[in-house]
Amino acid sequence: MAVTSAPKKRVRMKKLERDDFMWGVIFASPWILGFLLLTGWPIVSSIYYSFTQYSVLSAPQWIGLGNFREMFTADDVFRRALGNSAYFAVFFVPLSIVSSIAIALLLNQKIRGQTIYRTIYFLPVLVPDVALSILWLWMLNPQVGLVNTIIWELFHVQGPGWVADPNWSKPAVILMSLWTIGRSIVIYLASLQDVPQDLYDAGAVDGTNWWQRIRHVTLPMISSVIFFNLITTMIGALQMFTVPYIMSQGDGRPAQSLMFYAMALYRNAFVYFKMGYACAMAWILFIIVMAATLLTLRSSNRWVYYAGG
Amino acid sequence: MELTANSSAEARADYILKQERRGKIKRLLRTVFSHLLLLPLAFLFILPFYWMISTSLKSDRQVFAWPLVWFPNPLVWQNYPDSIAFFPFWLYLRNTVFIAGTSVVGAVLSNSLVAYSLGCIRWKGRDILFLIAVATMMIPYQVVMVPLFITFSNLGWVGTWLPLIVPSFFGGAFFIFLLRQFFRTIPNDLIDAGKIDGAAHPRIFAQIVLPLARPALFTVGLFQFLNSWGDFTGPLIYLSDSKMYTISLGLQYFRLQHDTMWQKLMAASVMLTLPIIILFFFTQRTFIQGITMTGLKG
Numbered sequence: 001m002a003v004t005s006a007p008k009k010r011v012r013m014k015k016l017e018r019d020d021f022m023w024g025v026i027f028a029s030p031w032i033l034g035f036l037l038l039t040g041w042p043i044v045s046s047i048y049y050s051f052t053q054y055s056v057l058s059a060p061q062w063i064g065l066g067n068f069r070e071m072f073t074a075d076d077v078f079r080r081a082l083g084n085s086a087y088f089a090v091f092f093v094p095l096s097i098v099s100s101i102a103i104a105l106l107l108n109q110k111i112r113g114q115t116i117y118r119t120i121y122f123l124p125v126l127v128p129d130v131a132l133s134i135l136w137l138w139m140l141n142p143q144v145g146l147v148n149t150i151i152w153e154l155f156h157v158q159g160p161g162w163v164a165d166p167n168w169s170k171p172a173v174i175l176m177s178l179w180t181i182g183r184s185i186v187i188y189l190a191s192l193q194d195v196p197q198d199l200y201d202a203g204a205v206d207g208t209n210w211w212q213r214i215r216h217v218t219l220p221m222i223s224s225v226i227f228f229n230l231i232t233t234m235i236g237a238l239q240m241f242t243v244p245y246i247m248s249q250g251d252g253r254p255a256q257s258l259m260f261y262a263m264a265l266y267r268n269a270f271v272y273f274k275m276g277y278a279c280a281m282a283w284i285l286f287i288i289v290m291a292a293t294l295l296t297l298r299s300s301n302r303w304v305y306y307a308g309g
Numbered sequence: 310m311e312l313t314a315n316s317s318a319e320a321r322a323d324y325i326l327k328q329e330r331r332g333k334i335k336r337l338l339r340t341v342f343s344h345l346l347l348l349p350l351a352f353l354f355i356l357p358f359y360w361m362i363s364t365s366l367k368s369d370r371q372v373f374a375w376p377l378v379w380f381p382n383p384l385v386w387q388n389y390p391d392s393i394a395f396f397p398f399w400l401y402l403r404n405t406v407f408i409a410g411t412s413v414v415g416a417v418l419s420n421s422l423v424a425y426s427l428g429c430i431r432w433k434g435r436d437i438l439f440l441i442a443v444a445t446m447m448i449p450y451q452v453v454m455v456p457l458f459i460t461f462s463n464l465g466w467v468g469t470w471l472p473l474i475v476p477s478f479f480g481g482a483f484f485i486f487l488l489r490q491f492f493r494t495i496p497n498d499l500i501d502a503g504k505i506d507g508a509a510h511p512r513i514f515a516q517i518v519l520p521l522a523r524p525a526l527f528t529v530g531l532f533q534f535l536n537s538w539g540d541f542t543g544p545l546i547y548l549s550d551s552k553m554y555t556i557s558l559g560l561q562y563f564r565l566q567h568d569t570m571w572q573k574l575m576a577a578s579v580m581l582t583l584p585i586i587i588l589f590f591f592t593q594r595t596f597i598q599g600i601t602m603t604g605l606k607g
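Respectively, the protein sequence lines represent chains A and B.
The letter at position 6 of the first sequence is residue 6 when you use this note's numbering, and the numbering goes up by one with no holes.
The number in this note's numbering is simply the position in the second sequence, starting from 1, with 309 added.
Source of the hints: derived by calculation from the structure; they are not laboratory data.
Any given hint might turn out to be false.
Keeping only pairs whose Cα atoms sit at most 25 Å apart, straight-line, the calculated PhoX-like set for lysine-lysine is [as the list claims (entries may be wrong)]:
1. Lys-15/A / Lys-504/B
2. Lys-504/B / Lys-14/A
3. Lys-15/A / Lys-433/B
4. Lys-433/B / Lys-14/A
5. Lys-504/B / Lys-433/B
6. Lys-327/B / Lys-110/A
7. Lys-335/B / Lys-110/A
8. Lys-333/B / Lys-110/A
Only a predicted model underlies this, so the values are computations on that prediction, with no experimental measurement involved.
Bound-form chain A, shown alone (with noise of 0.2 Å):
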């Protein structure tokens, strides 16, 4: 009888797995087709267009490496362009991520109030973006802004004038942006959660102190996560567009000081319609990207912790 119903069993199992394949493809589909018509054919045209000039109106023409030529070469906008990109995101991130990682440590003790705390740090995160840079514009106004106020307050100094000064006016979308850390200052929190008491309890008895136990236990144990958000903050930084065209008003001012890489390429494609060139911008950020996280990834090793693996 065993031997007979053995090749029935497999035939079964044939067709359930059949079936499964079959119906694993349906439910994907949504997401197939729109990796294929949302994200894989727009990725091959970008290729393409970024060696043309392409203005919409007419058809593409090849013009080789030309676009790339012209932005290492002759381009002044794209140069500020990255440099204010880069000089954002080299303050930015790690302010945010160590101003994050203690408001975190500190909520992390069994502490009164801790949930009160989480929401009022977090509620900033839920400001769409337009009413956070039109709010931060009249916060950071120069002669009746709040910030200048309370800094003639406290110092009776004149504060600086924020996004109507040149020098002054990342600096001021850098603060503007660590009001916005919520966001991973819950991740942390619960991260910190996460992390068993027992090993706390076994540094606790080698008489380690508070700053041994945070640089020993805590900080290796999430390190993981450190590196997850380090990641997307890093990426998220570098394409920052909304907030600084807003307050520049879409053009950069003062001095092309908010003129982010986003914005430059968005003003290629949608104001002067060279999407050709728009295009290179593009696959150069994606160049910056991608080295910036595969530096993160290659120096991981040496500071991110797997539990179990």
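Given chain A's structure and the hints, the job is docking chain B onto it.
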């Protein structure tokens, strides 16, 4: 001999007691110290909100008054109807809600289907597909921005809401990731039991998985709503007729035309922000869970 042993035990007990007391004091000090840092910080985080609301209730004179007016008096509620009249707020609200609402339907439908395939069906290719999906998160939007615009323009969709809505019906890597994470916590036995009963995947999906996944689906809907509500780049690129604008885009043009009417700009900003804050307070747990789920399991 017995005596010394006894006294040393006593001494040890005494020592432990002292240590404990010292630990308690230490802990108390640390709590006080933490509040001393957290409280002023919380105040700083609240301050811009307060400033937004208080400015929105000031008269023109109080906005620019020196020294600063902390408590507007009288409260000029008229700023709200004024700013509603200044830019067609109700029209833009309707537009935004329609775009966000249909996108939510699209995102919940498509992403739950895809996540079921990648999380609950065992088939060859699903791991590769998932990997590709995660990899697409690395691609900056700017890379596909221009070709997508050209495609939509060839379809005659530029100037309509379609480019803002239709893509949500094709799923997105972030949501697939989030939902798959959740689907995988559903015990396999439940799915296998369904199979043994002879149910095909559509029935298992609809009758077993979806009801269990309601909180996760809600999270996806919520996040999609927020994305659409606050989106600026999409409407900026695709909308040209001012009757089609969303609130975000409308507010930006309002600001460009009247950039010194701060009380009215702040009133409009409050109206753009408040619905989200209210939504947050009703859904706080789901919200925080969704964020930690996608932030932690990377």
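Going back to the hint list, which numbers does this structure go against?
none
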